[in-house]
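*Asks:* Sequence:
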Amino acid sequence: LCGETREEMYTPNLEAAANCLEFPELYEEAIGALKFHRHLFALMKTVGVPDFSMRDMTKPEYARTRRNISAIINFAKFRETLLEKHEDIMEEAAKQEA
Numbered sequence: 369l370c371g372e373t374r375e376e377m378y379t380p381n382l383e384a385a386a387n388c389l390e391f392p393e394l395y396e397e398a399i400g401a402l403k404f405h406r407h408l409f410a411l412m413k414t415v416g417v418p419d420f421s422m423r424d425m426t427k428p429e430y431a432r433t434r435r436n437i438s439a440i441i442n443f444a445k446f447r448e449t450l451l452e453k454h455e456d457i458m459e460e461a462a463k464q465e466a
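The sequence shown maps to residues 369 to 466 in my numbering.
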């Protein structure tokens, strides 16, 4: 849903980190985790959960977790529907060109 594979998300950009940190290799895992958290927070805003916080990950509550997962599922279903419509339109356009 974020447009990146898991490997891409967790692979830190050590060249960029070298500009900010003296020993960027020490922060390799932390950089990947922070990148994941940034993507997760952006995703949650996109799916309609603007109040998502670290507490939702570190000390989850049943009602909030259920709401958060429901928002992600609904977004994924909506996205899938749009992709199907887009594919149908593209197929129709290709038929008309031929």
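Incorrect hints may have been included.
Claimed, not checked - Listed next, the in silico EDC-like pairs over lysine to aspartate or glutamate satisfying Cα-Cα at most 16 Å (straight line): (1) Lys403 / Glu429; (2) Lys403 / Glu452; (3) Lys413 / Asp424; (4) Lys403 / Glu375.
Claimed, not checked - Quick list of the computed label-pair ranges, beta carbon to beta carbon: (5) Glu393 / Lys463: 51 to 57 Å; (6) Glu393 / Glu448: 27 to 33 Å; (7) Lys427 / Glu375: 40 to 46 Å; (8) Tyr395 / Ile441: 31 to 37 Å; (9) Ala401 / Glu465: 42 to 48 Å; (10) Glu465 / Ala410: 45 to 51 Å; (11) Glu372 / Gly416: 19 to 25 Å; (12) Lys427 / Cys388: 27 to 33 Å; (13) Tyr430 / Glu372: 27 to 33 Å; (14) Ile441 / Gln464: 34 to 40 Å; (15) Ile437 / Leu402: 20 to 26 Å; (16) His405 / Tyr430: 20 to 26 Å; (17) Arg447 / Glu375: 19 to 25 Å; (18) His454 / Arg406: 25 to 31 Å.
Derived from the structure by calculation, the hints contain no laboratory data. This structure is a prediction, so every number in the text was calculated from the model and none was measured. Cβ atoms here follow ideal geometry from the backbone N, Cα and C, with glycine treated the same way.
*Asks:* Sort out which numbered hints this structure fails and list those numbers smallest first.
*Replies:* Going through the list in order, the structure violates hints 1, 2, 6, 7 and 10 and respects the others.
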